[in-house]
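Residue numbers (our numbering), protein chains in the order written: chain A, 1 to 515; chain B, 516 to 697.
There may be inaccurate statements among the hints.
Stated by the list, open to error - Straight-line alpha carbon distances no greater than 20 Å define the calculated SDA-like cross-link-like pairs of lysine to any residue that follow:
#1 B:K648 / A:I387
#2 A:K428 / B:R614
#3 A:K429 / B:E604
#4 A:K428 / B:A613
#5 A:K431 / B:A543
#6 A:K431 / B:K600
#7 A:K428 / B:A610
#8 A:K428 / B:T606
#9 A:K431 / B:A601
#10 A:K431 / B:L602
#11 A:K431 / B:L549
#12 A:K163 / A:L479
These aren't lab readings, by the way, just hints derived from the structure by calculation.
Since this is a predicted model, take the numbers as computed values, not measurements.
What follows is each chain in one-letter form.
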Amino acid sequence: MEEFNNLMHGFGVALGWQNLGFMVVGLLLGVLIGVLPGLGGANGVAILLPLTFGMNPTSAIIMLSCIYWGALFGGAITSILFNIPGEPWSVATTFDGYPMAQQGRAAAALTTAFTSSFVGALFAVILVTFLAPLLAKFALRFGPAEMFAVQALTFCSFVGMSKEPAMKTLAAMMLGFALAAVGMDTVTGQLRMTFGQPELLKGFDFLIAVIGLFGIGEILLTMEEGLAFRGRSARIRMSVVWQTWRELWTHWRTFLRACLIGCWMGITPGGATPASFMSYGMARRLSKDPSRFGKGAIEGVAAPETAAHAAGTSALLPMLTLGIPGSPTAAVLLGGLMIWGLQPGPMLFVEQKDFVWGLIASMYLGNIVGLIVVLTTVPWWAAILRIPFSVIAPIILVICAIGAYTVNQSMFDVLTMGIFGVLGYLFKKLKYPMAPLVLALVLGDMAETNFRQALLGSQGSLGVFFGSPLSGSLMVLALVMLFWPLLGMLRRRAAAAPTSGPTPEPEPEPVRTSA
Amino acid sequence: MTESPPDDGAPSAGRPSSRISSRGPELALAALLLAAAALVIVDSLRVGHRWASDGPQSGYFPFFIGLALAFSAGAVVVDVMRRWKALGEDTFLDATQARSVAAVLVPTALYLGSMHWVGLLAGSAVLIAWFMKRHGGFGWGLTALIAVGVPTLVHLVFERGFLVLMPRGVWVEALLTRLGAG
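Turn these sequences into a full structure, and let the hints guide you.
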């Protein structure tokens, strides 16, 4: 019941006129970001973060999280109308969304996508509302060793669950940690890896990295595909909305499954993109008539969208309670909290009640307002997509440069952002994942501090991480995750050995060894 | 960064157009990561990577990070070697793609690199105009409208609205003072 009261109080905070205004502005900006190729949730929030430094933290986080919801909604528009996923997590939406649009059912597809997004987000928000305080209370008992164990689990899960090669995931992550270590060591005051450059004293700001990696990198990648926008226009009539809603009601099982997949993938750092694919695959496999999929099945739109939103929203649960973001965008939001002097983690629920519950309440409101906003403004967004890329590309570049400059008002940052852009492009092309890099850059200092404090307590013995049952089991889980790819490889070898006969050599991609 | 000359040795006879195979970029990026790892390790050794009387030294944690980075980048190199043939067949970029990427990369590099002198607003106008004329084939009127309009909007929103000053640029600053004096 206490949660309920807190939530009501939160609604009081979020329902102020000013905050509602920021909510709508954030949503519109978010949809715009989601619609434009090259701007995504993570770098959209990163670019706009400096603008919010002057606001009070509650309004700022409400606006930023609404940008995030907006971006999640926006990705669906381009996928359905133009067959261009505006965001990686809406790739699966194109499979059935675009065929639906081609058959003249664009409005139904869009309604499905928006409604599913709403349902997924709502499910996740309810989960956050009731789980977050419990988790936070539990996490209050964590010492540095437990915190480090949780962080280790986060990072090791990347290696274990990533689609990208394990060694490349590890390399990207370690680069992130290395970049995070640059600058003054907060414990000893010593300078690390600055090589006499005054610009490096502060270290690398993750915002700069995010803007470069996701913004510039994405433009370069988009350019390579030679974009031509040829899409259908759409307007959504209320009658179609009602009709679609009635049809969607019959697919409640798909929704429930997608919500569960999404929440699971969001809380563990799987993220929205794998969640959407997994959910699509599940819906297809469990469907009575799988052959309809790919030709405009309504569940084929509902399943990935629901899961993507559920994942995107529930990614905020570990961020708020443990200070560990479940997605790159959540990582940027977390960075924002730290800039405002709010230390994410369990103490937030004790010390900053207004802030936490205002944010959670704004998740409910933001998604309701978002649903209404996108349903009514679709034609407008479709029109924006008709602006040629030769106009949009330079404007996005300008926005990235402004975003990078405004973080610290530093020219050096702008150049660094450019270098990160090229790095991001190479990473994408060569299948290095970027999420672990960003996460390591954000969490690097915190992880190191926990690591050192835990070791200080134990006089340098690594046994401290296995000392308590909690941190011990987390660490074991982390190690399992870390060596998961290796286990998979061994199992495949073992399976291949006895039947090494007539079967035409299966393994198309040789598995990486690791010494 | 790895703007290597196109076609770093892909002698496949049947392939007509020039292209960049995945080998070069894979190795280049792995080498870059190895170099970064070396920097991290060397610097950790400099600040001390051991256990001091008052706890871990500054290089304690980064030292392990450097080792792990070297290990993983090394593993990527080994993997590239093992798949040398297959990667040679892999296309990283074909000629058309390389040209489109360069069409963005080169102006962007110039835009960011010249910002110290030209400033953000003037540079943005030139960048937008270049893209619209060169790749969009727009008329001068519309090009001028957008190329001037966007920086003006930025000026109004950021410099007037949020009081965040954009970099003016050394040259533009000099020009403005001369105009002011003259």
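Consistency of the hints with the structure:
1. B:K648 / A:I387: This hinted pair holds, its Cα atoms lying about 15 Å apart.
2. A:K428 / B:R614: Satisfied, since the Cα-Cα distance of roughly 18 Å is no more than 20 Å.
3. A:K429 / B:E604: Given that 20 Å is the threshold and the Cα spacing comes to 15 Å, the pair holds.
4. A:K428 / B:A613: 15 Å, holds
5. A:K431 / B:A543: 14 Å, holds
6. A:K431 / B:K600: Since the Cα atoms of A:K431 and B:K600 sit roughly 18 Å apart, the hinted pair holds (cutoff 20 Å).
7. A:K428 / B:A610: 19 Å, holds
8. A:K428 / B:T606: 14 Å, holds
9. A:K431 / B:A601: 16 Å, holds
10. A:K431 / B:L602: Holds, at about 13 Å.
11. A:K431 / B:L549: 17 Å, holds
12. A:K163 / A:L479: Holds, at about 18 Å.
Against the hints set out earlier in the document, no violation occurs for any number.
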